[in-house]
Every structure is written in structure tokens, then in C-alpha cells.
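Asker: If you're matching them up, the sequences are chains B and Z in order.
In terms of the numbering used here, the first sequence is numbered consecutively and its last residue is 559.
In terms of the numbering used here, the second sequence is numbered consecutively and its last residue is 559.
Rather than coming from a laboratory, the hints here were simulated on the basis of the structure.
Please read all numbers here as calculations on a predicted model, not as lab measurements.
Cβ coordinates follow ideal geometry from the N, Cα and C atoms, glycine included.
Just so you know, not all the hints are guaranteed correct.
Just the calculated beta-carbon pair ranges, DEER-fashion [claimed, not checked]: (1) B:Asp45 to Z:Glu433: 41 to 51 Å; (2) B:Asp363 to Z:Gln115: 23 to 33 Å; (3) Z:Lys528 to B:Glu437: 56 to 66 Å; (4) B:Asp444 to Z:Lys559: 48 to 58 Å; (5) B:Gln216 to Z:Lys528: 46 to 56 Å.
Once the Cα atoms are required to be at most 27 Å apart in a straight line, the calculated DSS-like pairs of lysine-lysine come out as [claimed, not checked]: (6) B:Lys534 to Z:Lys553; (7) B:Lys139 to B:Lys239; (8) B:Lys199 to B:Lys291; (9) Z:Lys517 to B:Lys371; (10) Z:Lys559 to Z:Lys549; (11) B:Lys534 to Z:Lys371; (12) Z:Lys256 to B:Lys528; (13) Z:Lys412 to B:Lys553; (14) B:Lys534 to Z:Lys517; (15) Z:Lys371 to B:Lys355; (16) Z:Lys552 to B:Lys412; (17) Z:Lys555 to B:Lys549; (18) Z:Lys534 to B:Lys534; (19) Z:Lys552 to B:Lys528; (20) Z:Lys549 to B:Lys371; (21) Z:Lys517 to B:Lys555; (22) B:Lys552 to Z:Lys412; (23) B:Lys553 to Z:Lys371; (24) Z:Lys517 to B:Lys129.
Which stretches of chain B does chain Z cover? Using the computed rule of at least three CB atoms under 8 Å from a CB of chain Z, they are [what the hints assert, rightly or not]: (25) 267-279; (26) 375-384; (27) 542-551.
2 protein chains.
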Amino acid sequence: MSKKYTIGVDYGTQSGRTVLVEVDSGREVATAVKAYPHGVMDEYLPDGRTKLAHDWALQHPQDYLDVLRETVPAVLEEAGITAEDIIGVGIDFTACTMLPTDKAGTPLCFMQEHAGNPHAYVKLWKHHAAQDEANKLNRIAAERGEDFLKRYGGKISSEWLIPKIWQILDEAPEIYEKADRIMEAADWVILQLTGKEMRNSCTAGYKAIWHKQQGYPSKDFFKALDPRLENLVEEKLSTEIHPIGAKAGEITKEAAALTGLKAGTAVAVANVDAHVAVPAVGITDEGKLLMIMGTSTCHILLGTQEKLVPGMCGVVEDGVIPGYLGYEAGQSCVGDHFEWFVDNCVPAHYIKEAEEQGVDIHRLLTEKAGRLAIGESGLIALDWWNGNRSVLVDVDLTGLLLGCTLLTKPEEIYRALIEATAYGTRMIIETFRENGVPINDLYAAGGIAEKNKLMMQIYADVTGMEIRISASPQAPALGSAMFGALAAGKDKGGYDDIVEAAKHMAKVREDYYKPVPENVEAYNKLYAEYKTLHDYFGRGVNDVMKRLKKIKAESK
Amino acid sequence: MSKKYTIGVDYGTQSGRTVLVEVDSGREVATAVKAYPHGVMDEYLPDGRTKLAHDWALQHPQDYLDVLRETVPAVLEEAGITAEDIIGVGIDFTACTMLPTDKAGTPLCFMQEHAGNPHAYVKLWKHHAAQDEANKLNRIAAERGEDFLKRYGGKISSEWLIPKIWQILDEAPEIYEKADRIMEAADWVILQLTGKEMRNSCTAGYKAIWHKQQGYPSKDFFKALDPRLENLVEEKLSTEIHPIGAKAGEITKEAAALTGLKAGTAVAVANVDAHVAVPAVGITDEGKLLMIMGTSTCHILLGTQEKLVPGMCGVVEDGVIPGYLGYEAGQSCVGDHFEWFVDNCVPAHYIKEAEEQGVDIHRLLTEKAGRLAIGESGLIALDWWNGNRSVLVDVDLTGLLLGCTLLTKPEEIYRALIEATAYGTRMIIETFRENGVPINDLYAAGGIAEKNKLMMQIYADVTGMEIRISASPQAPALGSAMFGALAAGKDKGGYDDIVEAAKHMAKVREDYYKPVPENVEAYNKLYAEYKTLHDYFGRGVNDVMKRLKKIKAESK
């Protein structure tokens with residue numbers, strides 16, 4: 004029997020990335036990337052005339068089809084493999100990235116009469132213009148004592164589905180009216196591939212306030228938001244939610260024509276980019292936390308019992324791996340921290356030194372920071388430059404740097420920022436543990452995890468835990484390909500369960516980061532200081548950060 | 004009768020500056036500056052071989068004579084005035100800047116046998132190598148419950164006279180033994196001019212723990228430091244201390260030959276550079292605080308009663324103006340703050356922008372900072388990059404910046420640092436007031452006061468007080484010239500009291516800074532936040548800064 008392969012498609016913010024993977028080994032045979040022709044639309048609609056307001060971020064669904072049309076044939080060709088040997092396809096997406104369609108699933112923005120209306124397009128995850136609706140929703144939910152708030156750290160984000168839908172209703176009721184379905188883009192792509200609406204439990208759970216036992220919030224709640232939303236679920240969404248790991252359907256004739264795959268090829272239920280990386284590093288049971296580290300960090304963890312952990316971003320049954328509770332937490336400012344620092348705080352002579360050495364400025368700062376002993380700088384920071392997502396869930400918290408002297412050097416501040424994010428991660432880990440969700444092992448994926456050895460060693464030393472690193476530079480795409488193999492099933496040369504799939508296809512590097520006992524001890528002292536400051540400024544003893552934000556808002 | 008003139012000589016850290024002033028108007032007719040040929044010696048002795056340890060800073064007394072030899076004839080010539088019309092001379096000095104001499108007043112470093120010993124030279128104010136002695140002195144004084152500590156904010160600085168003397172005894176007992184006198188350089192110059200030892204009350208009071216009623220610390224105390232110090236005052240110092248404003252003597256024949264002045268010209272008792280600026284801006288009575296603003300800020304204030312104000316740097320009767328108590332306070336990091344920021348935190352594109360505009364980077368940052376509304380940055384800082392001199396008197400406190408976001412800009416931090424120093428000044432003002440020393444008016448002198456309009460307006464708005472600015476760019480030299488006129492007396496064409504002298508010779512600019520009521524209100528809110536943080540981190544609620552400093556010290 005010839006080797007079997009699956010395909011994973013990872014839809015990111017700027018481009019789609021497709022990888023072709025050997026099923027029995029997880030070997031990534033070929034990769035193709037296509038940048039979205041329309042990119043992120045945050046100034047104008049495609050007509051170049053219709054201006055978008057501040058905080059908008061749209062995409063064009065045609066771009067998602069273009070990714071399939073170009074990259075799938077490209078990986079087949081690069082790998083020298085025929086479509087017969089592709090047994091399954093999986094996809095993952097940014098989320099909540101959503102769009103309104105008609106009954107047939109045609110995006111409203113494809114229709115001449117709506118093409119000039121911004122609300123007819125895909126609202127990307129980072130579309131932040133539904134903040135008013137999110138605020139109102141949170142206020143009403145809190146007043147009504149809605150239970151679901153606890154599963155989301157007490158707050159529904161403006162990035163999520165219901166605020167975005169409500170914004171459409173508020174600002175473009177005719178689009179809301181016209182929309183027979185309002186879908187995650189992830190599910191919409193699955194609809195294009197299989198002809199079936201097969202909404203996934205991951206986006207439903209993390210982004211649309213759905214719960215496996217309790218379903219969506221009540222009609223009463225939606226009515227309290229706006230009477231026209233009372234029947235939202237029945238009218239625009241669906242109560243049929245499919246668990247991660249399930250088969251969504253098979254490639255249709257039309258999809259076969261689009262992609263070059265064979266009709267009948269198995270397609271997995273869609274997934275979210277961060278969450279799908281979990282099996283890609285081999286995590287298929289509880290106690291293992293994956294950090295996906297980029298501009299921000301997303302923490303995903305499996306559990307066997309539903310616990311309410313203060314400040315988590317969500318807990319969803321079947322949300323990550325079938326049969327498990329999937330917990331999500333996050334730090335909203337990790338890589339962004341360092342970009343801000345380099346853009347705003349690094350003196351010219353450091354830039355020159357980096358140029359002379361022919362290295363990136365981050366590399367230079369990291370090298371200099373790496374030569375410092377723990378505690379040598381005398382600095383400590385609170386990593387709240389972009390608020391605190393977990394444990395405090397408070398966007399009004401701000402960054403703090405303490406311990407400056409006239410001898411403080413840029414690399415010392417740089418290292419203090421790295422350490423602050425590590426303390427933030429430890430705070431999240433301890434909060435999970437204190438609330439009955441065990442964490443025994445740490446994994447990391449994403450650009451920072453792969454490249455920054457100093458940072459990963461600091462994380463190991465601060466948490467006192469070993470850290471294993473994804474061996475795939477494209478863990479989400481690999482994870483999607485794994486779910487493709489699961490959708491195909493053992494009979495077709497795939498797998499019947501995710502544990503088996505992970506055993507063969509998942510990858511972590513052989514070498515891993517080990518905490519150094521004396522470093523752990525040194526960091527324990529510094530972490531104790533972080534924790535005191537964290538609680539003093541974050542838990543209401545001194546709300547100076549919020550008052551300054553209020554003064555700032557009023558000053559304009 | 005022809006116009007009369009006086010001469011003021013201001014001995015700074017790098018050079019001496021001499022100004023020739025018209026007595027009846029205060030007009031500065033001519034100025035001459037001479038850089039010290041030996042500069043600040045902090046690496047080698049003049050032999051180029053004898054290496055100095057870390058933290059040493061020496062000067063050569065010959066340089067002080069060279070200043071007189073060159074600059075006095077130069078101002079006479081530039082002004083086209085004969086020595087007959089010079090009625091008096093005054094000088095001021097950095098302090099504590101001290102040296103050992105023989106009985107005749109010859110510096111030990113002038114003698115062949117001692118020229119190779121660093122302890123034979125002048126120890127400059129910023130010689131910091133007597134820290135061990137200062138620490139021991141403070142410990143012993145505290146254990147003995149010595150009253151004098153309260154007059155100096157609880158701590159004697161390593162920069163002051165007794166620690167410096169004790170260092171000589173510790174490290175070079177042969178020099179200590181050889182020294183018949185240990186003098187302030189200021190008093191030594193007066194000795195050269197008049198042939199008389201006429202120690203001044205300003206350096207005695209602020210730097211040598213002398214008190215007009217109580218004298219020096221007791222023999223018991225000195226004995227507790229080291230038995231060999233028991234009779235220090237009688238053996239090396241003097242109990243005869245002369246008040247500021249008194250006449251020290253007259254130019255001797257030798258001094259006339261050196262300077263080109265006439266023998267018999269009146270010479271004033273010496274003074275300290277910051278303190279002598281007080282009458283130069285017209286302050287001759289209580290309630291008026293002068294800020295001398297440079298790399299650090301020195302605050303001088305007159306009072307009619309001796310009060311013990313927490314964290315002041317000293318209170319000295321006759322220390323500034325005869326008949327008044329002179330209070331001193333300080334902020335150890337003002338201009339230094341901004342230098343640190345520019346050296347370590349300003350990105351290359353700002354430097355480029357400044358270059359393109361042909362302006363200094365401080366000017367660019369100030370312009371950008373000036374366009375911000377109060378509170379717009381959301382930032383607040385504690386100005387402790389170099390510890391806190393007043394009110395907390397704690398070198399182990401460190402700087403704090405709070406309120407950072409990913410949109411925080413360099414000019415916002417720059418402005419936050421300016422504001423932090425203004426809050427620090429307000430804290431000092433309020434502490435004086437709360438302890439019964441009135442402050443009704445604010446004056447400022449020094450480079451920052453003269454040049455930085457934004458900063459001075461912020462100070463006016465933060466303190467809610469008008470600020471008058473010295474009209475002389477060389478206020479200390481002008482002040483010295485005023486004391487020269489006082490030494491000459493009315494009969495010789497000068498003045499008999501400092502109030503009269505100030506009426507004619509002192510100068511402030513016509514325009515001054517006025518607090519803007521709505522700015523004052525806005526800053527009241529921010530100052531309240533500063534105060535809370537100041538007390539939380541500075542008064543022992545959370546000693547994180549000290550613990551981090553300890554960890555820092557141990558990390559090395």
C-alpha cells in the first residue's frame with residue numbers, strides 16, 4: 004500500500020499556509036503559502052472609496068477560496084503526490100472571524116447590492132469596533148447574573164461573535180435581516196469544502212458563549228440585549244455543534260474542482276489556530292499546558308473536570324481534544340512588548356552596534372541581556388503594557404517598571420520585560436493549580452519559543468518546570484493535518500483516535516529547557532515581589548492605573 | 004565720585020568664573036572664565052603614574068590661584084577699570100571641597116615629600132571614597148543618639164568634611180599627622196587673599212556638623228569614631244566661625260601682586276555656590292525658596308526659627324544670610340534624569356528627526372512633550388533614579404515608571420520624568436510647611452531654570468506657585484560680588500546690609516511663570532497619586548526597591 008498523506012490549512016491574519024503531511028510519520032513533505040489578495044482591510048472596502056471607521060478590520064472571503072485554489076495544488080505538485088493518496092483535510096482559522104451569508108452560504112459581500120456595505124464582509128478577529136456592544140452585553144449579563152460569565156473570566160470580549168453580530172444589527176439592520184446564517188469563517192470554509200454546515204465546538208465554545216450541556220445563553224438574555232436578537236440562535240446560528248476531532252464531511256465535486264483533491268476525501272470539523280497546535284506537540288491528555296508565544300501568548304490546557312478558574316479566557320468541552328475540557332488563558336502583550344521597546348526605547352548607538360555586528364537588534368539586546376545575572380539589574384516590571392488578559396482580566400491595567408537608576412541599561416529593561424511575561428505565565432499556572440486544574444508539564448510553540456533561547460530558559464527558571472518545544476515551525480497546520488487523518492479514520496489509512504494520531508504525527512524537539520535549581524531559587528524571590536505588586540495594583544488596593552487611564556481619557 | 008565695582012569669583016567643578024559688577028546697579032560689566040589646568044583628577048595624580056581608586060575625585064589648589072591670577076586682571080582690562088575702583092571681593096566654592104595644609108596654610112601637596120600621596124590633595128565635593136567612614140559615622144551617631152543627626156535628615160553624607168577627614172586618618176595617618184589645618188578650599192582661598200584663617204559659617208554648618216549654639220559634635224563623639232580624632236576640632240579645625248556677610252579681611256601685598264587688586268581691598272567671608280545665589284535673586288528674608296536647578300536641584304530657604312524638618316539636608320544659622328536660619332534640601336536627580344533618558348532610551352528616529360530639524364534632542368523632546376495635555380500620557384513616575392535626598396533621605400530608593408502602554412511614546416516618558424521632579428519639589432515644599440517653615444514664593448536659578456520653559460511652567464502648575472527666574476546667568480558669581488560690596492561697607496561705596504545690597508544688585512527676570520488654574524487642578528489629581536506611591540514605596544509599606552537593591556548587590 005502506498006504512503007498516505009493529509010493536508011492541513013492554517014488561515015492566519017495575513018495569509019493561508021498549507022502543509023502536506025505524511026500520515027504515518029508526521030513528516031511535513033511540502034508547504035505553500037498564499038498572502039490574501041485583499042489583506043486586512045482597515046481603511047477602505049475593495050472599492051477603494053468606502054472608508055472604514057477606526058478599529059475596523061475586515062477580510063474578503065474570496066481570499067480564503069484563493070488560498071485553497073493555489074496552495075493545495077502547489078503542495079501536491081511539490082510533493083509529487085497524486086490526490087488519490089490524500090486521505091483527509093483539516094483547517095484552522097483565526098477566531099472569532101465571522102461573516103453573514105444567505106441560505107446557500109453565499110457571503111453577502113459577494114452580492115452586488117451589498118458589496119458597498121462594510122457589514123457584509125468578514126469581520127476579522129481584531130475588528131474592535133464592537134466595543135460598545137461588548138460593554139453593553141457585559142453590563143446586562145452581570146446585572147442578570149448570567150452564569151456563563153464565569154466561564155470567560157467575567158467578561159465577553161469585543162472580539163467575539165455576539166458583540167460583532169450585535170454591531171451588525173445596530174449599524175446595518177438590513178444586513179442582519181438579509182443574513183440567513185452568520186458563521187465563523189472557519190465553518191464557512193468547511194461549508195465550501197463539504198457542502199454542509201458543520202459548526203465546530205471550538206469557536207462555538209470559546210467565541211460564541213456556547214456550552215455543551217447548557218447550550219447558548221437564553222432567549223431571555225438575547226431579548227434583553229435587543230428584542231430583535233431573541234431568536235438569534237435559531238435564525239442565524241445553529242444548535243448543532245460538532246466536536247473537534249469529528250468528520251465534517253467529504254470534498255464535494257465543486258471543492259474537488261477548486262482544490263484538485265478527489266471528491267469524497269474526508270474533511271475534519273474546523274478548528275482555531277492556537278487550539279489546533281495542542282495535538283501537534285503531542286498533548287492529548289490533562290496536565291499539559293501549551294504556550295503559543297508570539298505577539299501575545301495563548302495558553303491552552305486540557306482538563307477532565309470543569310472548574311471555574313478566575314480570569315481564564317474560556318473553558319469548553321470538546322473545545323480542543325474530544326472528550327476533554329479545554330481551558331484557555333492568555334497574556335495580551337509578549338512579543339509586542341519587545342517590539343514596542345525596540346521602536347521607542349532603544350538608543351541609536353545600540354542600533355549602530357547591531358548593524359556593525361550584522362545582527363538583528365533583538366538579537367543584540369538578547370545577547371546583552373543574557374550576560375546579566377538574575378537580579379543584577381535591580382529591575383522588576385508588571386507586564387501590563389496591553390492590559391491583563393488572565394488572571395485579572397482587566398484592559399485598564401498598564402505597564403510598570405520599577406528599580407531604575409542612572410546606570411540602568413536598555414538590555415536590563417529588555418530582560419525585565421522578558422521576566423515580567425514569565426512571571427505572568429507563572430501567575431496563570433498557579434491560578435489554575437489553586438483552582439483544581441493540574442499543570443504538570445509545559446510546552447511551547449510559536450516564533451518566540453522556537454528562536455529565543457534566553458527567554459525560554461527564563462521561563463523554565465521562573466516556572467521551575469521543563470519546557471518542551473514544538474518541532475514543527477507550523478504547528479497549527481500540522482495539527483490541522485492530524486485532524487484530517489482523524490476524519491479519514493483507520494480504514495482509509497488514517498487514525499481513529501487523536502492519541503494514536505499524536506503518537507505518530509506530533510513532534511517536539513529532542514532537546515528541551517530544564518530549570519536550573521539556583522536560578523529557580525533566585526527567581527522565587529523576584530516572583531514574590533512581582534506577586535505583591537501584581538496584587539497591589541491589580542486587585543484594587545491602589546487603582547492608580549485605572550484612575551490615570553480615566554484622566555488620560557478625559558484629557559482629550 | 005567715580006562708579007564703584009566689586010568682584011565675585013565662583014569656583015565650580017571644572018573652572019573658576021570671575022565677574023566684575025557695578026555696585027549701584029548690579030550690572031555685570033565683565034566676565035572671565037578659567038578652566039582648571041588639572042581639571043578633576045579621578046584617575047591619576049599629576050605625576051601621571053599614581054593611580055587613584057574608584058570613587059576618588061581630587062583637585063590641585065594651584066589651579067585656584069591660577070584662576071585669580073588670570074581672571075581678575077582679565078575682567079579689569081575688559082571693563083577698562085582700574086583697581087582703585089574695586090571696593091570688595093567675594094568668592095564662592097563647591098563644597099565640601101577640602102584640603103590639608105601646614106601651619107602657614109601651604110597645602111601638603113605642594114611639598115615634594117607629599118606630592119605622591121593622593122591624600123595630600125584637595126578632595127573635591129564629589130569624592131565618594133569616604134563612604135565606609137560615612138556609614139560608620141552614621142551608625143555610631145545613631146547609636147549614641149546624637150542630636151545633630153536631626154538637623155541633617157538623619158544622615159551625614161560621605162561628601163562631607165568629617166568622613167573625608169576620617170578617610171585621611173584611616174588611609175594616610177602620616178598626612179593626617181602632618182596637617183596642621185584641614186580646611187575648606189573656600190576658606191583656604193580667603194587665607195591666600197587676606198593672610199587670615201576666617202572659616203565661614205556656611206560650609207561649617209552644612210558640611211562640618213557645626214552649630215552656632217552647640218558648636219561641633221562633642222569630643223566624646225569624635226573619640227567614639229577613633230581615639231585619634233578626639234581633639235580634631237582644636238588640632239585641625241577651628242571653633243572660630245564667621246557668619247556669612249562678614250568681612251574676612253583685606254587683600255594682602257602678596258595677593259595684590261597675584262591679582263592686580265589693590266592691597267587693602269575688602270574681602271568677604273567665603274560662601275558656597277548654591278547658597279550664595281540666594282541674595283543674587285533678591286532673597287533676603289524668610290518664606291522664599293530658591294531652587295538651583297542643574298544635574299540635581301538644591302533648595303535653599305530662609306527661616307526665622309530653627310525647625311527640624313524631616314529629610315532636610317541641613318539647617319544653619321547665618322548659613323546663607325546673616326541673622327537667618329538657612330535651610331537646605333535637595334533632589335539628587337533632575338538634569339541627570341534627562342541625560343540618562345537621552346543616553347539610554349531615545350530611539351534612533353528621534354535623533355534623526357532632531358538632526359534634520361537642526362535642534363538638540365532635548366529641545367525636540369521638550370517640544371513634543373509640550374504638545375501633550377496634562378495626564379494625556381497616562382504615565383506617572385517616582386523621581387528616584389538616584390535615590391531620594393529629601394524628604395525620605397534614602398539612597399536605596401529607585402526610579403519607577405507606571406502607566407506604560409504599547410502606544411507610550413518617548414516624549415511621554417520624558418514629560419513624566421519632568422513632572423516627577425516637580426512632584427518631588429512639591430513634596431519638599433509641603434514638608435517644610437507642615438513642619439512650620441513657611442514658603443510663600445518660589446525662585447529658580449541654574450541652566451534648567453533659565454532655558455526650559457516647559458519644565459518651569461510644569462513646576463509652576465504642579466506647585467501652584469509663581470516662579471521667578473534669576474536674571475543673571477551667573478547668579479553665584481553675582482552673589483559673591485554682592486558679599487564683596489557688603490565686606491567693603493557703605494563708607495567705601497558698598498553696602499552695610501544685605502537687604503540694601505540686594506535692592507540694588509539682585510536681579511530676577513521681569514517675566515515670570517504663573518500657575519494656570521486649570522493646570523493646577525489637573526496636577527492636584529496626579530500629585531495625589533504620586534504621594535500615594537511615594538509613601539507606599541518610600542515609607543516602608545513595600546520595601547521592594549531596597550530588597551531588589553540587596554538582591555542586585557548579592558548577584559555580583
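Asker: So which of the earlier hints does this model not fit?
Answerer: 2, 3, 4, 8, 9, 11, 12, 14, 17, 24, 25
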